[in-house]
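Chemist: Now for the letters of each chain:
Number of protein chains: 2
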Amino acid sequence: MGELPLAAVDRIIRKAGGERVSEDAVQELAGVLEEEGIKICQKARIFSNHAKRKTITAEDIRLAVK
Amino acid sequence: MGELPLAAVDRIIRKAGGERVSEDAVQELAGVLEEEGIKICQKARIFSNHAKRKTITAEDIRLAVK
Chain G
0 MGELPLAAVD
10 RIIRKAGGER
20 VSEDAVQELA
30 GVLEEEGIKI
40 CQKARIFSNH
50 AKRKTITAED
60 IRLAVK
Chain E
0 MGELPLAAVD
10 RIIRKAGGER
20 VSEDAVQELA
30 GVLEEEGIKI
40 CQKARIFSNH
50 AKRKTITAED
60 IRLAVK
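For the record, the sequence lines run as chains G and E. Take the first sequence: its position 56, counting from 1, is numbered 55 in numbering that gives the first Met the number 0, and each next residue is one higher. Take the second sequence: its position 48, counting from 1, is numbered 47 in numbering that gives the first Met the number 0, and each next residue is one higher.
The reader is advised that the hints may include incorrect statements.
[Stated by the list, open to error] List time: in silico SDA-like cross-link candidates among lysine to any residue, alpha-carbon distance up to 25 Å:
#1 Lys42/E / Thr56/G
#2 Lys42/E / Lys53/G
#3 Lys65/E / Thr56/G
#4 Lys38/E / Glu35/G
#5 Lys14/E / Gly30/E
#6 Lys42/E / Val64/G
FYI, nobody ran anything at the bench for these hints, they're computed from the structure.
Chain G on its own, in the form it takes in the complex:
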């Protein structure tokens, strides 16, 4: 946990039209996005292994998100 800078997550919230946001909401979203990112990568790794590659590519990520 705690890899995504809260300032960056705060900017995303503002992009989504959130004018007033509690600090714990920013932390909550940062945690959710990090967890989601880890899940996507774990899938992407399986796909890269399946393709007999050692490097995860953008294609693996796209497939993992589907």
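Since chain G is already given, all that's left is putting chain E on it; use the hints.
Modeler: Just chain E now, kept in the frame of chain G:
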């Protein structure tokens, strides 16, 4: 687009066990997470409005993720 620092996204990928990752995979994941974050916040905003609040709380985020 482009709010999440790629270095942070790269650390998330490494947490998920990705040792070798192409740069475009990092960019792809950053884009996916930002989009996901925006979608969650748009929902969270609806929930905060529904509760007659102007501030988005962690509870709104949790409900939006469900």
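Chemist: Of the numbered hints stated previously, which ones are contradicted by the structure, given in increasing order?
Modeler: Checked against the structure, the hints that fail are numbers 1, 2, 3, while the rest are satisfied.
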